[in-house]
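Peer 1: Here are the chains, one letter per residue:
There are 2 protein chains.
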Amino acid sequence: MPVEGRNTRVVIDGVKPEIDSGRFPAKRTIGEEVVVEADIFADGYDVLSAVLLHRKDGDSEWIETPMEPLVNDRSRGSFRVSELGTYRYTIVAWVDQFKSWRRDLSKKVEAGQQVEVDLLAGAQLIGEAGQRASSADAQLLQKWQKTLSSTQDREQARVRLALSEEVLTRMEKYSDRHSAVTYPKELQVQVDREKARFSTWYEMFPRSTASQPGRHGTFKGCEARLPYVAGMGFDVLYFPPIHPIGLANRKGQNNAPESGANDPGTPWAIGAEEGGHKSIHPDLGTLEDFRRLMAKAEEHGIEIALDLAYQCSPDHHYVKEHPEWFRWWADGTVQYAENPPKKYEDIYPLNFESEHWWELWVELKSIMLFWIEQGVRIFRVDNPHTKPFQFWEWAIAEMKKDHPEVILLSEAFTRPKIMYRLVKLGFSQSYTYFAWRNTKWELTQYFTELTQTDICDYFRPNLWPNTPDILTEYLQSGGRPAFMTRLVLAATLAASYGIYGPAFELCEARPRELGSEEYLDSEKYEIKHWNIDRPDSLRDFIARVNQIRRDNPALHRNLSLDFHTVDNEQIICYSKKTEDLSNVIVVVVNLDPHYTQSGWVDLPLSMLGIPEQQSFQVHDLLSDARYLWRGPRNYVELNPHVCPAHILRIRRRVRSERDFEYYI
Amino acid sequence: MPVEGRNTRVVIDGVKPEIDSGRFPAKRTIGEEVVVEADIFADGYDVLSAVLLHRKDGDSEWIETPMEPLVNDRSRGSFRVSELGTYRYTIVAWVDQFKSWRRDLSKKVEAGQQVEVDLLAGAQLIGEAGQRASSADAQLLQKWQKTLSSTQDREQARVRLALSEEVLTRMEKYSDRHSAVTYPKELQVQVDREKARFSTWYEMFPRSTASQPGRHGTFKGCEARLPYVAGMGFDVLYFPPIHPIGLANRKGQNNAPESGANDPGTPWAIGAEEGGHKSIHPDLGTLEDFRRLMAKAEEHGIEIALDLAYQCSPDHHYVKEHPEWFRWWADGTVQYAENPPKKYEDIYPLNFESEHWWELWVELKSIMLFWIEQGVRIFRVDNPHTKPFQFWEWAIAEMKKDHPEVILLSEAFTRPKIMYRLVKLGFSQSYTYFAWRNTKWELTQYFTELTQTDICDYFRPNLWPNTPDILTEYLQSGGRPAFMTRLVLAATLAASYGIYGPAFELCEARPRELGSEEYLDSEKYEIKHWNIDRPDSLRDFIARVNQIRRDNPALHRNLSLDFHTVDNEQIICYSKKTEDLSNVIVVVVNLDPHYTQSGWVDLPLSMLGIPEQQSFQVHDLLSDARYLWRGPRNYVELNPHVCPAHILRIRRRVRSERDFEYYI
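Just so you know, the sequences run in chain order A and B.
Counting from 1, position 79 in the first sequence corresponds to residue 79 in this note's numbering; the numbering is continuous, with no gaps.
Counting from 1, position 137 in the second sequence corresponds to residue 137 in this note's numbering; the numbering is continuous, with no gaps.
There's no promise every hint is true.
One copy or any two copies: either way a pair holds, since identical chains are not told apart in the list.
[Stated by the list, open to error] Pairs of lysine-lysine residues, derived as DSSO-like cross-links and limited to a Cα-Cα distance of at most 27 Å, are as follows:
1. Lys-251 / Lys-278
2. Lys-107 / Lys-343
3. Lys-400 / Lys-524
4. Lys-417 / Lys-185
These are calculated hints, taken from the structure and not from any lab test.
All chains should be modelled from the sequences, with the hints used to inform the complete structure.
Peer 2: And the structure:
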């Protein structure tokens, strides 16, 4: 006899979310609902019942919520997550004999058929439920059983009882689950804090914050800059590495192979006589200064994010203390970083294939923990794709045990499958290809993939229109309107985005050379003095956009993103909305930074909760203008030299004369 | 230390085919190639190597074939299956240090960089391979190692050697697999005989084959009908149940609740005094007659398929001998089949939830084996969706152990997920919703789903334009052209199809009543005498279509189906082709059975192997007409009263004056 063949009729399949057959957790944030769907079916025509089970990791008891059938043998249930950490969920389903019987009885009654024998069968099912019930309910069920089977009573009254909601509710409570099948996997959902989903980043080189040109900035200078950053509405302030910088093979301005005496070197060449990954560059200040800065930032509603760049300058103490963590050439030199034919002589990658990989893992984890001890809760991880997947999975899980509130942003501009794998392994957010998606078709394709496929269950995009490494051709050639366009897109297409400033708000757009995406006189290799008070700065515009983000919950999530037709390839239109449609945002952007473009926007009114036959108001939160629209097609016109975008909030219904009390 | 973290860098993922995480086998037929694809990637930039492993179940040794990288970290390999039964396959992949080194060396050389130290590193890799090599190869590798590391030799010559194909080939043979990762699942492919994929079915009631009206047909009568069936080109002749039919509650003509003395009853009410599922209806003949018929059929290239209908008439001996295999009402009667409010009093379903389910399973398996012993190798299974999935999985696996050549057609016109589940469990083919897909949009959607998604790896559709239960409204109202249209669609959209005849070829189209899909005077309840020699019969047309199917290998498979644009919603166009494009078939069908329709067909020339700038000939295999076409857009016009379809074979190139020897 191969199996218990009688009681395994139900199939549970096609569960969502389920990342890679349950190998990885889905991701949610505190307070969110986890909606679970599955194909649940059996042979034949019986009615099935199903429940969704969930529990916090560590809790011993499952909590049950019912699953409701949708169409095509698909069922749905949900639960809300209220704590950081991991939750588990699975599904139980069974052939519901009572509900099957009830459905058939109802059909037969409707067709006017004899049901005497059916009522006896029902009485038996109710009697059996009585055996499983608590004493009060048991009495009730026994009474019903008796009524149904007493052939003296009028059939009509017994049928009414049999089909009553009261009986159904009680029978659901004591449903016969002897044939219940449990989905064989316990699936997981990782619950993070809200900022893992909704965050607004500002990247800044601390060394470029001195009040006078030519000086090395300090954490004190950063403190002075806090009101400026907070004023624009950012809530994460991310610093490139703040550690001592190597002298050996230090690069000069514009990545020159030789450096001059005053060249500060790139912050990513970590490690010098003054220390390594757990030390602070002496010119920036002390650990105490850093902690003070964090405290001040908190007062401004800002968290400091640090860069985790697991690599060394030739002067890093690891090189001497742990030569086994590096690769050596046959000529006795350490292999520096290369991407042939490019050479990065100032940086030594770590060798994760070392026989001493375990000591290396432990040390790298200790770096993370060191900064967590200083109060850091957000890290941007440099090039995570050049370190083994297994390392990240282990290190992040280890760290999350005690610190589930930590957020990690993966800086992996690598091939898509590697990018996705990293976030599956535990990164909270990821950089994307946004910088290289400029046309309507590109943006629509890419963001449909990110938000409308299974990817959205684990991948949280963080959009950067620029970084110290990326000055896109669109920004180089589009002038100020291009910066405004890309800002609006980044801020509204995804719940998390960031800019590298002050280069961004000052519209810095000069490339090192034609065809290069590197900045001319890049801040990576020199200290800059930015005039943040320039009148043409985008700071006020950015502040406005970020205020709109904060005020509108539709922009706090990625899932509801939907693209709409515009009869002009230069204008893109999309909407986001809360589930209850209380907040509906329609964004219209002119992608052409040079010329005014106009067109007709097509909105799916009913999806957005707008009545088909009434006027509605759209309120441009950028310009504060209000327009009266009616019907699905409406005209837009955007002059990029004024403002290349509308961020429209739908104000549902417009009053008409019928609302006026004298009208009737 | 959580894992062996150093040597597990490679990820193997997204393997196809892989049905439900490997829970079910993919399906192929003998001689076919199993193409396997997977995402194979690692951190960083190293070059990876991968091999596909396969073996026949029971063989101990894996056979390796290389996998080649495609785009986007996807790799592909394949193997050919040559025996019936189950094959297993999996994937091994590793970081290929030599290939990574070789790629980098080549880039550095190209950039004119110093590579002395690189050559030393390569020499070491080659030396290590030497340790793993057979003695002859070891010598060679040692020699190369020496050459590469001898700094006296000219660098240019050493580089040439290092990058040579000769070294590469040898290094591939002794590739360092210490970091190899094996995909954790052994996936399966079920190999059937060709007829599981490519088959042409004819359904016929044996009792309606008497030469004179009013007589009960016999197996002898069936014998006489064989040349007719073979002449139309069918290779499977399927009989509804041939067993004794119950008397109790027997249905009369047109499913009347009462039967007259001469009513034969429906063949699906199996079991009477004369026997049950292992017996033959006495009026049809004996077991010997049946075996003789099978032998005769074989001479005509036809296999007989029997109906496996696991249900009983009230007179079946199971009811007395095994009352525990049925459901009983409280009033002491057996529950007949119901689909409330419909009642089938002449049929008792089996109760698979019986406590004696195991004895029932064993008995049902023995029925299958009984007919296999008589020589039957094809079964059409009646309503498999009302029996538990577990039963089918067990019974089919048991049967296939000794009889992998058996083919099972699932008659499950049920909800899609149940239909798909059944074929995953082991059915070789399945009925489909084809009968209810009539418009271009419906056909395109449905057949794209069946042939262009993962479904095609396990689901083999068998298309029936009619069955004894289904006379579609399209056939009812469309006349002879409708039958021709549906035949061409069935015969060319899928590799397997069937008709219920002679009702089909005689264009029988009268419904029991308006709005019903039941035949008037249905053969299910009475013996028919068909005049198969009627001059308006479609037999010659069917013979032609089936001949075209046999002659054109493009029509033997489902995978290559592709729909093409026509600027008329009433005309559908699609193509099928062999992989080498030696056989390309374009089908054009007028779906309007009433009026001539015309339009412009758009063909993707390059996909079909047709040169863009040359004329090509299309040969209509139905009418034998030949047309000269040029370019992607060509005109078609189809009069349904002449012939509603073209089945065009592309004759690639047309000769021009340039081919004439005097031209130059």
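Peer 1: The structure should be examined with respect to each hint, and the outcome stated for every one.
Peer 2: Evaluation of the provided hints:
1. Lys-251 / Lys-278: within (23 Å within a copy, 89 Å between copies)
2. Lys-107 / Lys-343: between (78 Å within a copy, 12 Å between copies)
3. Lys-400 / Lys-524: The answer is neither: 31 Å in one copy and 68 Å across copies each exceed 27 Å.
4. Lys-417 / Lys-185: Classified as both; 25 Å inside a copy, 20 Å across copies.
The structure shown violates just one earlier hint, number 3.
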